[in-house]
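*Asks:* Read off the chains here:
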Amino acid sequence: MSPRFPVRDQVAIVGVGTTPFSRDAGKSDIALAVEASKNAIRDAGLTKNDIDGVSATMLGVQHVQAALGLEKLTYFLNCFPTFSQQIVNAMNAVFSGVCDTVLCYHTVAVSPNNSRAAAADPFRIRAASGGLSRPPSPWPDSLAFPPSYAAWANRYFHEYDAKREWLGLIAINSRTNAMRNEHAVMRAPLTMEDYFAARMVRGPLFGMLDMDYPVDGADAFVVTTAERAKDLPNKPVLIHSAVLGQTNCTVEEILPDLEHSAHQVVMDALWARSELSLQDIDLFQPYDGFSFICLKWFESVGYCGVGEAGPFLEDNWDKEENRILIGGRVPANTHGGSLSDGGTQGSGHIREAVLQLQGKAGNHQHPGLKSALLGVGGFFPYSGGLILRTE
Amino acid sequence: MPDSNVKEVLERFPNTWIDRDNFAMFEGFLEKRMLINRCQDCQKYFQPPWPSCPNCWSENVEPTEVSGNGVVHTFVILHTGALVGVEGVDYMKGYPLLVVELEEQEGLRVTGPMVNCANEDIRIGMPVRLNWIERQGHPVPAFQPA
Ligand SMILES: [Zn+2]
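If you're matching them up, the sequences are chains W and F in order.
Be aware that the first sequence starts at 1, since it is given in this note's numbering, and climbs by one per residue.
Be aware that the second sequence starts at 1001, since it is given in this note's numbering, and climbs by one per residue.
Next comes chain F alone, as it looks inside the complex (with noise of 0.2 Å):
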């Protein structure tokens, strides 16, 4: 990671926990492309981005772009949380926040709000793709209906 990569990376998300195994997971961010971290020996998507496999301890881990393609495994409607006044949360309206099973492999979930679906339109197993929002100067996952 070139030292000006990270300076960038850190400065478009100042309030954020960012450290060498989830840095390649933030870059991918301000690029959209959502990238998750892939064994390469047991060819294993796994996340959060540990620094090495969770399943075979394999060091050999490369952050790999997913489709982002998947279905609705839960959600909430948040009427509270910790985005107050960011732009796009509202939390009178209720901010739909959804956790995602991703096609690429069972079990490998994400989370993310859901954008263009009206809160009650929202259902469990529901197919979701990929979707980019702007916010707090940096783009940020979220979905929509497939």
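Chain W on its own, in the form it takes in the complex (with noise of 0.2 Å):
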């Protein structure tokens, strides 16, 4: 029996907006995300006045709300990135009638710990210090964030027999569809030698180039009910599915093995309540924060077996273009993705399918795309998937 999920196609984003992405804005969180919010709003034709929910990552919704002078809200929420929950908990608001339009949004701000010019800014350092908060795992030693996943990469080349060119080709693909986006932040041509000469971060298959690249900026959106959408002037983007996902494996050392990680949870839940399949979808979104969980995405969303994804990626490489056409024709990770648009826990991907079945893309438009896949996370806590589509 197909699960009931009487939302499908009935809320849709209507206005997405961002601000541009930088090694030092020289503005507060806030301001960045008033910015980027004010410019979604403004896109979806609308007003403050219009604005009942706000569902946010971990910025205070109370002070954007307070900055924007949203005088009603009858829903709000924060939540941890990457950033799927935001659009899902707006999705379940709107449809159940909590409210009628949410304002998401997310801001990202380099830290001190990633560059020295950063270290050096006495604002960052003091919202950076904070009191403790718990940690994933106790030990002292912990893969807590960052770690797991170079550590999991590790142990998923070991079973594999995988090669670090596979890693390789998934940055070269952020950075060619990267070099067509202006509003990308690392632009220049990356070729396999240089992603080789990379530093090593955390050895012995993330280099500088597996990793996002961090920016300070913000995206927003607008969500709000299908019927409504249809008297705005954006071509409304609807939702066709959407799910959260995570295992009780919240601790990364104890997850069992990768195909028993959120990713799965997400895809099996999310083609649950999808009228559409892998072979219906026109572009593919999948997270990279590191470069690891976008070639395990490639597994976990059903275009190839398990351990596949290197030979999978050969395959369906256009020599020509340099970057991956899934079958010669799909597209993945238009923007240039978190490695090279800048790091964004996945609001990126989202801004660029928006923008994309909207065919507001600019440089970078892929003509007639109709549905986006998206796989908004990793193996851990607070993954998620989304399947967006036009009519």
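Treat the hints as calculated values from the structure; they're not laboratory data.
Take these hints with a grain of salt, some might be off.
Said to hold, decoys possible - Below, in silico cross-link-like pairs of lysine to aspartate or glutamate (DMTMM-like), each with a Cα-Cα straight-line distance of 25 Å or less:
| id | chain 1 | residue 1 | chain 2 | residue 2 |
| --- | --- | --- | --- | --- |
| 1 | F | Lys-1093 | W | Glu-193 |
| 2 | F | Lys-1044 | W | Glu-227 |
| 3 | W | Lys-163 | F | Glu-1120 |
| 4 | W | Lys-163 | F | Asp-1121 |
| 5 | W | Lys-360 | W | Glu-227 |
Combine the two chains into a complex, taking the hints into account.
*Replies:* Encoded structure:
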């Protein structure tokens, strides 16, 4: 029996906004959120009086609400990135009627650990100092967050005799796409030699070009009913299917294996709630906070079997365009991904999918796209997936 | 947990998240004993140290000393991390962080650095045993080739 999903195609993304991305915006996180949010609300053809819900990552809704002068909210929520929970929560809130129109935003900022300049910025130092919070694992040398992906990639390479070139193809695909996207931060051509020459950060697999590129910036979206979307200026982008996913292995080292991670939870549930199948997808936006997460998404969504993502990339590599075109047709991470557009924990992937489906992607527009599959997240908590479409 | 022990453990780990659930683990560190919570009903070990058994929900859980023998499940050589400037942590050379599957139970895994072994010689599947290093004024569990 297919799961009930009465929200299918009933809620739409109707506006999108961003800010320039840079190494140092010289602005507060609130200023960036406000800038992207205003852009999204204006893009939707709405005003602040139309917004009655806010669904955001960890920058407090109350601050941005006050800064934007959103007088009354009947729905608000902060939750962790990656940026897919925010859209699913907005969809649920709109569909249930708790509110009619939700602003979603996500801000990113270069942390003091990312660069010497950032380390000397007293505002960043203060923001990063804070109180202690509960880590995923209590071990003094835990895998918490970034090291876990390098460690699990290492296990995958061990089991499937993988080649580092496969990760290189992910990085090159993102860069080639970024070269056509004016919003992207990293736009210089990238070769496999460049990839291998990059400084090692988390050995033996992850160098500088396997990790998302830290930026200051923000993305924002407006979500409302499909009914209301008909009266608004933009082509509605319908949320066809959307789920979140995580397993009980919230501590990275106890994940049984990579076939029992949040990826499988997301994709099993996402397909079960969709009337589309993989062959119907026109655009693939797999999250690439680390190159390896992106590689694994190709397997997790079903393009190929376990351990086969590398050969699949090689088979579907368009040599002339120097990027992935699945079946000669479906591009992946057309904005340049987190690796080259800028690290956004997934909001950039959704921004790009919306723009492509609206036909508003400018220089890097692909003609005739009607559906997009987004795997937004990693193997541990806070993962998710979306299928977006236009009519 | 007597007050004096709590005070000492908290003082010896000033920048660590310590609560009632994981306290015994850190208390064990000070005695160089690796304690992992074990359910007295279903007999399963589990970690992190949740307050009751995630398998059978029993609250009859005992921090139980384990051998620390195991095999390398996976590893990463860190050239960046949170321990900048800490003695014994050389991110230039590469700081080897292991996931070790303990011999006590399939899937029971803990983390710690490798010592007494060149980074290039670390392999997935290699047997290791527990060692202890002194860092930031207290013992920290580490591993070395068995
Ligand atoms: Zn039990």
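*Asks:* So, for every hint listed, does it hold in this structure?
*Replies:* Results for each hint:
1. Lys-1093(F) - Glu-193(W): holds (23 Å)
2. Lys-1044(F) - Glu-227(W): Since the Cα atoms of Lys-1044(F) and Glu-227(W) sit roughly 53 Å apart, the hinted pair is violated (cutoff 25 Å).
3. Lys-163(W) - Glu-1120(F): Holds - the C-alpha atoms of Glu-1120(F) and Lys-163(W) are around 18 Å apart, at most 25 Å.
4. Lys-163(W) - Asp-1121(F): OK: Lys-163(W) and Asp-1121(F) at ~19 Å, within 25 Å.
5. Lys-360(W) - Glu-227(W): Between Lys-360(W) and Glu-227(W) the Cα gap is close to 22 Å, so the pair holds against 25 Å.
Violated hints amount to a single one, hint 2; each of the other numbered hints is respected by the structure.
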